[in-house]
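K.L.:
These are the residues of each chain, in order.
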Amino acid sequence: MTLEAGAELAPKTYPVTRASLVRYAGASGDFNPIHWSDRIATAVGLPGVIAHGMFTMALVARAVSEWTDGAEVVDFGAKFTNPVVVPDDDEGTTVTVSGTVKSVEDGLATIALTVVSGDQKVLGMPKVSVRA
Amino acid sequence: MAVDGSLVGRAFPPTRPYRVTDEKVREFAAATGMGWESGDAVPATFPIVLAFDAMNAFLDDVQVELSRIVHGEQKFSYARPIAPGDVLTATLTVASLRQIGGNDIIGTVSEITDDSGAVVCTTSATLVHRAAEVA
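Heads up: the sequence lines are chains A and B, in that order.
With our numbering applied, the first sequence closes on residue 1260, and no number is skipped along the way.
With our numbering applied, the second sequence closes on residue 171, and no number is skipped along the way.
Incorrect hints may appear among the rest.
[What the hints assert, rightly or not] Distance windows between CB atoms, simulated: (1) E59/B x D1216/A: 25 to 33 angstroms; (2) P1215/A x A66/B: 18 to 26 angstroms; (3) K60/B x A1138/A: 25 to 33 angstroms; (4) E1132/A x S42/B: 47 to 55 angstroms; (5) A1171/A x I136/B: 20 to 28 angstroms; (6) D1218/A x K60/B: 23 to 31 angstroms; (7) A154/B x T1242/A: 22 to 30 angstroms; (8) T1228/A x A119/B: 25 to 33 angstroms; (9) P49/B x D1234/A: 34 to 42 angstroms; (10) S132/B x A1138/A: 34 to 42 angstroms; (11) D1218/A x S152/B: 47 to 55 angstroms; (12) S132/B x Q1248/A: 26 to 34 angstroms; (13) D1216/A x A119/B: 33 to 41 angstroms.
[Unchecked claim] BS3-like, lysine-lysine: derived pairs with alpha carbons at most 27 angstroms apart: (14) K1249/A x K111/B; (15) K1140/A x K1255/A; (16) K60/B x K111/B; (17) K1255/A x K1230/A; (18) K60/B x K1249/A; (19) K111/B x K1140/A; (20) K1207/A x K1255/A; (21) K1230/A x K111/B; (22) K1207/A x K111/B; (23) K1249/A x K1230/A; (24) K1230/A x K1207/A; (25) K1140/A x K1230/A; (26) K60/B x K1140/A; (27) K1249/A x K1140/A; (28) K1140/A x K1207/A; (29) K1249/A x K1207/A.
[To be verified] Where chain A lies over chain B, by a calculated footprint (3+ residues, C-beta under 8 angstroms): (30) 61-67; (31) 73-81; (32) 94-104; (33) 113-121.
These are computed hints drawn from the structure, not numbers from a lab.
As the structure is a prediction and not an experimental result, all values here were calculated from the model.
Ideal Cβ positions, reconstructed from N, Cα and C, are used throughout, including at glycine.
Let the hints inform the model, and build the full structure from the sequences given.
P.N.:
Here it is in C-alpha cells:
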C-alpha cells in the first residue's frame, strides 16, 4: 500500500489472555514469572500478572505489518508507561493499536502510534519507521 | 540492593551464535497471532529473542532477580532486515545507570551482529530494577 502523510490507519484490536502470555513466553524465551504467576507479580508490587511489554510491542508490530503489507521496519521504539494487566479468565483483556502517518521522506514512512488497553494508554511515544 | 555504578560502559561477552530458522520465526509470529510463510518479513521485535538471552546473562552476572525487573523502554534500529539462515550474536553493554526512588534504572544496548561481524540491528532497553520493600 502507499503511505501518505496524514493518513489515519484503522485501529486494530487484539485479545490478550493468560494463554497468550504463556505462548509468548515460550516463543520469546522471556519466562519472567510476573507474566504468569499472580503470587510473584503481587509480591513484587504489581497489581497482578501483566503482559510482557515486548508482547504488547509485538502486537504493535503486527498492526504495522497488517497496515503496510509487511513493509520493512527500520526503527521501532516505545516506552512501557502502564502495565497491561491480564485477568485469569476466558476473556483476558485487549490491546488496541491505532496510527497516523506523520511523514514520508527519503523512502521512509514514520508512523506515530497510540496503544491502549481498556481506556488506558499503555505505551509512551510508540513510533515506527518503515521503508515506504 | 542497588546495582554497582561501575558497570557503566562494561560490555558483556557475546551470546552463543543463534541460527534463525523458518520454524522459530513461525513460532514467534504465531505467538502474536500472525501467520508466517517462508519469504515473509521476520517480525520486527524478533531480535528480542537474542537480546533477552544477553540480558539474562547480564542479570545473572550482577545477581539481580528477573522477577524484580520491569521493562521501561525498548528500541530497535535496523541496519538490514533479519532473514532465516542468519547466524546472529548479541553483545550487551551497560550504557547508563541511575537510581530513582530506590529503583535502579539500567540502560542497556545490545548489538546484534551476523557471522561476518556486521551489525544487523541495535536494540536498546531500559530495565527498571524494582527495589525490595523495606519491612
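K.L.:
All hints are to be evaluated individually against the structure, with a verdict given for each.
P.N.:
Right, here's what the structure says about each hint:
{"no.": "1", "hint": "E59/B x D1216/A: 25 to 33 angstroms", "in the structure": "holds (30 angstroms)"}
{"no.": "2", "hint": "P1215/A x A66/B: 18 to 26 angstroms", "in the structure": "holds (23 angstroms)"}
{"no.": "3", "hint": "K60/B x A1138/A: 25 to 33 angstroms", "in the structure": "holds (30 angstroms)"}
{"no.": "4", "hint": "E1132/A x S42/B: 47 to 55 angstroms", "in the structure": "holds (50 angstroms)"}
{"no.": "5", "hint": "A1171/A x I136/B: 20 to 28 angstroms", "in the structure": "holds (21 angstroms)"}
{"no.": "6", "hint": "D1218/A x K60/B: 23 to 31 angstroms", "in the structure": "holds (29 angstroms)"}
{"no.": "7", "hint": "A154/B x T1242/A: 22 to 30 angstroms", "in the structure": "violated (35 angstroms)"}
{"no.": "8", "hint": "T1228/A x A119/B: 25 to 33 angstroms", "in the structure": "holds (30 angstroms)"}
{"no.": "9", "hint": "P49/B x D1234/A: 34 to 42 angstroms", "in the structure": "holds (37 angstroms)"}
{"no.": "10", "hint": "S132/B x A1138/A: 34 to 42 angstroms", "in the structure": "holds (38 angstroms)"}
{"no.": "11", "hint": "D1218/A x S152/B: 47 to 55 angstroms", "in the structure": "holds (48 angstroms)"}
{"no.": "12", "hint": "S132/B x Q1248/A: 26 to 34 angstroms", "in the structure": "holds (28 angstroms)"}
{"no.": "13", "hint": "D1216/A x A119/B: 33 to 41 angstroms", "in the structure": "holds (38 angstroms)"}
{"no.": "14", "hint": "K1249/A x K111/B", "in the structure": "holds (18 angstroms)"}
{"no.": "15", "hint": "K1140/A x K1255/A", "in the structure": "holds (16 angstroms)"}
{"no.": "16", "hint": "K60/B x K111/B", "in the structure": "holds (22 angstroms)"}
{"no.": "17", "hint": "K1255/A x K1230/A", "in the structure": "holds (10 angstroms)"}
{"no.": "18", "hint": "K60/B x K1249/A", "in the structure": "violated (31 angstroms)"}
{"no.": "19", "hint": "K111/B x K1140/A", "in the structure": "holds (22 angstroms)"}
{"no.": "20", "hint": "K1207/A x K1255/A", "in the structure": "holds (10 angstroms)"}
{"no.": "21", "hint": "K1230/A x K111/B", "in the structure": "holds (19 angstroms)"}
{"no.": "22", "hint": "K1207/A x K111/B", "in the structure": "holds (9 angstroms)"}
{"no.": "23", "hint": "K1249/A x K1230/A", "in the structure": "holds (19 angstroms)"}
{"no.": "24", "hint": "K1230/A x K1207/A", "in the structure": "holds (19 angstroms)"}
{"no.": "25", "hint": "K1140/A x K1230/A", "in the structure": "holds (18 angstroms)"}
{"no.": "26", "hint": "K60/B x K1140/A", "in the structure": "holds (25 angstroms)"}
{"no.": "27", "hint": "K1249/A x K1140/A", "in the structure": "holds (14 angstroms)"}
{"no.": "28", "hint": "K1140/A x K1207/A", "in the structure": "holds (20 angstroms)"}
{"no.": "29", "hint": "K1249/A x K1207/A", "in the structure": "holds (11 angstroms)"}
{"no.": "30", "hint": "61-67", "in the structure": "holds (count 4)"}
{"no.": "31", "hint": "73-81", "in the structure": "holds (count 5)"}
{"no.": "32", "hint": "94-104", "in the structure": "holds (count 3)"}
{"no.": "33", "hint": "113-121", "in the structure": "holds (count 3)"}
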